[in-house]
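Chemist: Sequence:
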Amino acid sequence: MGTGMTKTQRIEISGRIASAAPAARCRQALEFFGIRLSSIDEIKVYKIAAETLLPPPVLHEVFADPVLQKLHTDASTAPEKAPAYAIEISFRPGVTDNAARAAEMALKQTGYDARVASSSLYFLYGDISAADAEKLSAEMLANPLIQKIDVMPYDVFMRQNRFDGVQLPTVQLTPAEKLFDTIDLAIGDAELETLSTARCLALSLAEMKHIRDFYAESGTAAARAAAGLPALPTDVELEILAQSWSEHCKHKIFAADINYTGPDGQTRNISSLYKTFIKRATQDVRSARGIDWLVSVFSDNAGIVRFDDKIDLCIKVETHNSPSALDPYGGALTGILGVNRDILGAGMGAKPIANTDVFCFAPPHMPEKGREGEMPQGPKSPRQILEGVHKGVEDGGNKSGIPTINGAFFFDEDYAGKPLVFVGTVGVMPHNLPDGRSAAEKHIHSGDVIVMTGGAIGADGIHGATFSSLALDEKAPATPLQI
10 MGTGMTKTQR IEISGRIASA APAARCRQAL EFFGIRLSSI DEIKVYKIAA
60 ETLLPPPVLH EVFADPVLQK LHTDASTAPE KAPAYAIEIS FRPGVTDNAA
110 RAAEMALKQT GYDARVASSS LYFLYGDISA ADAEKLSAEM LANPLIQKID
160 VMPYDVFMRQ NRFDGVQLPT VQLTPAEKLF DTIDLAIGDA ELETLSTARC
210 LALSLAEMKH IRDFYAESGT AAARAAAGLP ALPTDVELEI LAQSWSEHCK
260 HKIFAADINY TGPDGQTRNI SSLYKTFIKR ATQDVRSARG IDWLVSVFSD
310 NAGIVRFDDK IDLCIKVETH NSPSALDPYG GALTGILGVN RDILGAGMGA
360 KPIANTDVFC FAPPHMPEKG REGEMPQGPK SPRQILEGVH KGVEDGGNKS
410 GIPTINGAFF FDEDYAGKPL VFVGTVGVMP HNLPDGRSAA EKHIHSGDVI
460 VMTGGAIGAD GIHGATFSSL ALDEKAPATP LQI
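When you number the sequence shown by the numbering used here, it's gap-free, plus one each residue, and the end is 492.
Everything labelled a hint here was simulated from the structure, so no lab data went into it.
Being a predicted model, the structure only gives us computed values, none of them experimental.
The C-beta atom is built at its ideal place from N, Cα and C for all residues, glycine as well.
Errors might be hidden in some of the hints.
Across the chosen pairs, the derived CB separations fall in these ranges [stated by the list, open to error]:
#1 Gln275 - Lys408: 45 to 55 angstroms
#2 Lys319 - Ile453: 19 to 29 angstroms
#3 Thr243 - Phe316: 13 to 23 angstroms
Distance condition first, Cα-Cα at most 30 angstroms in a straight line; then the derived DSS-like pairs of lysine-lysine [stated by the list, open to error]:
#4 Lys53 - Lys16
#5 Lys319 - Lys408
#6 Lys288 - Lys360
#7 Lys157 - Lys187
#8 Lys144 - Lys408
#9 Lys288 - Lys259
#10 Lys16 - Lys56
#11 Lys157 - Lys56
#12 Lys56 - Lys319
#13 Lys360 - Lys56
#14 Lys378 - Lys408
#15 Lys144 - Lys53
#16 Lys451 - Lys284
#17 Lys360 - Lys451
#18 Lys79 - Lys157
#19 Lys378 - Lys400
#20 Lys408 - Lys117
Go ahead and model the full structure; you've got the sequences and the hints to work with.
Modeler: Shown next as structure tokens:
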């Protein structure tokens, strides 16, 4: 309970009926981490700040299902058997909290203007250590990138009066002392390689030397001085070059000139795998067969094909491999939602109606006993990747009302280093808009208004393009994983 103008309170929601979730989590703890739990309880927590304390009828109406759930406003109700550890997981300040946002909207409909924050409280039962509880909280129950984790023995937890002095997370921004740094590239080859690795630039030594030589030219120095730029390159410029030149964005391998010597000993030159075997092949077939149902290919967020005399289909598929190797659930969720977004952005906008996927993983039983040393360092275990990716794509569709209509699994040991997470979405759009314009065409003009929707931009996703262009190892950072 708070003081002053704003009153704060905490409520906890527990289930009346046993579910299958505790048994599933206990199985995951044992299979993935070798930690044996006898049980685990989850309680939903809401912290509320308003001008007055919300009365119990309002709390019950908004937050609890009277048939399935119990609502607690104090610590008088404790578990029948004392757990070993209590873990509370909440969102970090500034992270979008959808459950809290929905609660705020519901409270407004009942006449209360309040701020809400949600969290989850877990009680772990069994003969486990503090290290076990910390490991399970960070690797099974939470995502430390966006969530705050508090782990404590149950007796310590109960001594805290958690229903008093309730505080909601608040964003506190400290102004940066300077907007950018300058970087001296007049260094040796080894130092250039170290710089690329340390900043997650994913640039080769040849590319780093090319950038160094460009900034060393007298003409470059004079042009920068005339533009009011510092003589040395800024970190912003280097980051932009790294992103623009990354394999993820530039597709350097697919665009390269390749000299290939086949089994017959003959050498042939391939000028861009993409232009030769994908784009040109499509164009050749289109021309040879007189195909007229390819409305838009290789030019928009998704391919658009004619379905009937009124409807066009939009189709987009892509991979989300590196993020899914380190955070299977979050990586796959972002992947499927990303192609949902691309359908929305195709032409003048299409409606997503179906998801699809193909997953290529290492066998979930890997590593076999005695072969643990053969597993690559960095990615999660094959079983964790299988379950996490499957759940991420499932939730991505179910929670937005887009069904996953088909999919496939393929298993091979070679996918232990990096899985293939191939996800796609199909959408529909009319041939023409009500005003007669083609729905498949969009024209962008200088001065057009750009509208951004969704949660605030965070630190997650930084270096995503360059990170995805690198091989995975135990030093792979967490921040490139977009949530």
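Chemist: Okay, which hints does this one fail, numbers in order?
Modeler: Of the numbered hints, 3, 12, 13, 14 do not hold.
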